[in-house]
Amino acid sequence: MINVVVGKPGSGKTYYLVKKAHKFLRQGRDVYSNFYIDFKSYDEETRKKFFNRWLDKFYNLPFIRNALLRFFNKKDRKFGKLYFWNELEDLLEIRGGEILIDECQIYFNSRSWKKLPFRLQYKFQQHRKHIKKNNDGSYMALNIWGAVQNVKRIDTVVRELVNNIYALKKVGPLFRACLYDIEDIDKEKRKPYKVSLYLFNKRLAGCYDTFQEIIGFKDKG
1 MINVVVGKPG SGKTYYLVKK AHKFLRQGRD VYSNFYIDFK SYDEETRKKF
51 FNRWLDKFYN LPFIRNALLR FFNKKDRKFG KLYFWNELED LLEIRGGEIL
101 IDECQIYFNS RSWKKLPFRL QYKFQQHRKH IKKNNDGSYM ALNIWGAVQN
151 VKRIDTVVRE LVNNIYALKK VGPLFRACLY DIEDIDKEKR KPYKVSLYLF
201 NKRLAGCYDT FQEIIGFKDK G
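Residue numbering for the sequence shown follows my numbering, beginning at 1 and increasing consecutively.
There is no bait here: all hints are sound.
When the alpha-carbon atoms are kept at most 30 Å apart in a straight line, the in silico BS3-like pairs for lysine-lysine are as follows: (1) Lys152 x Lys194; (2) Lys152 x Lys20; (3) Lys152 x Lys8.
Since the hints were made in silico from the structure, they are not lab data.
Can you build the whole structure from these sequences, using the hints too?
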């Protein structure tokens with residue numbers, strides 16, 4: 001699916017992508033980002049918390065691990081990998097995972113889209129076919145997450161490919177994300193399919209740097 005996160009400056013668009021990225025990695029999904037992210041210190045601090053340390057010990061008890069495998073078929077948790085990309089051409093061979101594109105209007109305004117090679121245009125138009133088969137036989141779909149102030153800044157061809165719009169807004173100390181279908185986004189009276197509220201986490205916000213230059217395609221490790 002292609003998802004676009006929209007909102008005014010300060011509404012937390014990049015932060016929302018980072019929040020999603022951390023969740024995807026913990027689910028074992030690979031993430032490909034065009035801006036720098038590093039969750040190492042954040043994860044280390046989280047693990048130090050007493051409750052999280054207790055949970056880790058609990059789940060690692062042999063009889064608990066065996067019970068999870070037997071009754072829930074829950075396998076050992078494997079984290080996804082984080083990669084960085086600089087040019088859209090870096091994405092051509094990607095199959096499965098979550099692609100993050102901050103400031104996506106740079107790549108997908110009307111001029112930029114028309115200049116894209118056919119292979120790249122095909123990649124975005126047929127992204128659902130670019131799945132990845134995991135070692136356990138399951139499949140990982142390829143999803144794209146873009147961030148932009150207004151979806152109208154994206155070329156009409158790309159807008160027609162978008163499935164979901166996440167409209168962000170700061171409401172007092174909270175942030176609100178409303179999920180809309182792309183067809184409803186311009187309607188005066190529109191109802192979101194889903195609304196989620198969340199607090200701003202300073203430590204999580206410290207995990208990304210939109211000013212750090214990404215050179216080439218590389219694995220964060």
